[in-house]
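The task is simple: from the sequences and hints, build the whole structure.
Protein chains: 2
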Amino acid sequence: MTDLTLEERLEEAVKTLKVRGVRMTPQRYAILSYLLETRSHPTADEIYKALADRFPSMSVATVYNNLKLLKEAGLVRELTFGDQASRFDGQMHDHYHVTCIVCGRIDDFEYPPMRFIEKEAERLTGYATAEHRMEVYGICPACRKAQEEAKQMAMVTAKAAGNEH
Amino acid sequence: MTDLTLEERLEEAVKTLKVRGVRMTPQRYAILSYLLETRSHPTADEIYKALADRFPSMSVATVYNNLKLLKEAGLVRELTFGDQASRFDGQMHDHYHVTCIVCGRIDDFEYPPMRFIEKEAERLTGYATAEHRMEVYGICPACRKAQEEAKQMAMVTAKAAGNEH
DNA sequence: GTTTTATTGATAATAATTATCATTATCGGA
DNA sequence: TCCGATAATGATAATTATTATCAATAAAAC
Ligand SMILES: [Mn+2]
Ligand SMILES: [Mn+2]
Ligand SMILES: [Zn+2]
Ligand SMILES: [Zn+2]
Numbered sequence: 001m002t003d004l005t006l007e008e009r010l011e012e013a014v015k016t017l018k019v020r021g022v023r024m025t026p027q028r029y030a031i032l033s034y035l036l037e038t039r040s041h042p043t044a045d046e047i048y049k050a051l052a053d054r055f056p057s058m059s060v061a062t063v064y065n066n067l068k069l070l071k072e073a074g075l076v077r078e079l080t081f082g083d084q085a086s087r088f089d090g091q092m093h094d095h096y097h098v099t100c101i102v103c104g105r106i107d108d109f110e111y112p113p114m115r116f117i118e119k120e121a122e123r124l125t126g127y128a129t130a131e132h133r134m135e136v137y138g139i140c141p142a143c144r145k146a147q148e149e150a151k152q153m154a155m156v157t158a159k160a161a162g163n164e165h
Numbered sequence: 001m002t003d004l005t006l007e008e009r010l011e012e013a014v015k016t017l018k019v020r021g022v023r024m025t026p027q028r029y030a031i032l033s034y035l036l037e038t039r040s041h042p043t044a045d046e047i048y049k050a051l052a053d054r055f056p057s058m059s060v061a062t063v064y065n066n067l068k069l070l071k072e073a074g075l076v077r078e079l080t081f082g083d084q085a086s087r088f089d090g091q092m093h094d095h096y097h098v099t100c101i102v103c104g105r106i107d108d109f110e111y112p113p114m115r116f117i118e119k120e121a122e123r124l125t126g127y128a129t130a131e132h133r134m135e136v137y138g139i140c141p142a143c144r145k146a147q148e149e150a151k152q153m154a155m156v157t158a159k160a161a162g163n164e165h
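Going line by line, the protein sequences match chains E and D.
Letter 71 of the first sequence, counting from 1, is numbered 71 in the UniProt record's numbering, and no numbers are missing.
Letter 68 of the second sequence, counting from 1, is numbered 68 in the UniProt record's numbering, and no numbers are missing.
None of these hints come from the bench; they were simulated from the model.
Just so you know, even glycine gets a beta-carbon here, dropped at the ideal spot from N, CA and C.
Worth double-checking, as some hints may not be accurate.
Unchecked claim - Some chain E residues judged to face chain D by a derived CB distance under 7 Å, without partners named:
hint, residue
1, Asp94
2, Cys103
3, Glu118
4, Arg133
This is how it looks when you write it as structure tokens:
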């Protein structure tokens with residue numbers, strides 16, 4: 001329950017990797033710290049591009065390799081949505097996501113894990129359940145505002161056209 | 001709330017398509033009826049293979065084209081899981097899924113849609129929410145049984161090895 | 001420092017899906 | 001019933017995300 005700083009979390013993560021016999025490299029460290037500090041749930045390619053100026057020769061394969069390794073070490077998680085590419089999340093505490101169906105933005109929201117639904121599935125299907133995933137879809141505040149303004153604009157235009165008669 | 005038969009549901013679906021100006025073809029009809037009757041949540045490729053003996057010359061592109069079209073007409077839905085291919089579901093009533101992390105099997109389970117979680121997301125994030133997705137992960141009855149048996153077998157083997165000393 | 005071997009980076013391979021386009025078949029109307 | 005406009009099919013190329021391969025490089029234990 002202690003609220004660690006970014007530096008403390010990074011230190012922890014490095015320790016975890018060392019215990020696993022994983023060597024630390026500049027590329028690996030950059031990917032890890034990028035994921036620990038960002039809130040944007042980036043794709044592999046976005047991470048690749050974000051680090052391109054600091055590591056101009058880094059291969060995209062290195063990004064994928066490290067994401068897989070970090071995931072296996074329990075330091076990041078992979079979020080898989082419909083069509084596009086996987087997204088990665090360095091915030092490992094239990095939380096849910098809302099995603100904007102207009103701009104693709106993904107935001108966290110904190111809500112206690114709904115274990116009851118796992119129990120319910122267990123009861124109804126005979127599965128031994130272990131976890132669940134849940135995302136909410138909607139329109140983010142920025143896109144809502146944009147839509148409102150577009151609607152206003154359309155109304156004004158329609159009115160002006162009407163007055164021309 | 002009326003419980004339509006398979007034939008009635010098919011008839012309905014065909015009508016829906018006609019209204020949309022969509023022509024009926026043997027391939028399309030086969031894909032549609034396959035999805036309406038199965039409970040297995042097949043991939044595009046599985047549908048393709050299942051119909052291969054009846055339509056040996058059907059292109060895989062035709063399967064994809066039709067799945068997209070049926071989805072847009074609201075007659076089937078697409079389920080996207082982690083890595084692998086999309087799965088398709090012809091059961092359009094609200095329901096949730098459990099999937100087996102061992103064999104990949106997907107089963108339905110009926111539970112009233114948890115609208116409260118959409119409201120909660122709305123309150124916490126300012127999104128205008130519209131829907132959510134939720135799946136439970138676990139081990140299906142068949143795989144549980146297989147695991148139990150494997151464990152028994154291992155125990156017996158260990159005991160026999162012990163007796164040899 | 002030397003040595004071991006995990007890691008990197010370049011690139012090829014794979015897999016799912018979409019795009020292209022010439023040929024074919026549906027279906028409303030003559 | 002036949003016709004014509006055009007939607008749909010099937011073959012195949014293209015695209016995209018991801019994984020595999022492997023020689024060169026660089027951690028880090030000694
Ligand atoms: Mn998150
Ligand atoms: Mn289902
Ligand atoms: Zn948005
Ligand atoms: Zn199973």
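Structure-based check of all given hints:
1. Asp94: Because about 14 Å separates aspartate 94 of chain E from the closest Cβ in chain D, which is outside the 7 Å limit, the hint is violated.
2. Cys103: This hint is violated: cysteine 103 of chain E lies away from chain D, its Cβ roughly 11 Å from the closest one there, beyond 7 Å.
3. Glu118: 5 Å, holds
4. Arg133: 6 Å, holds
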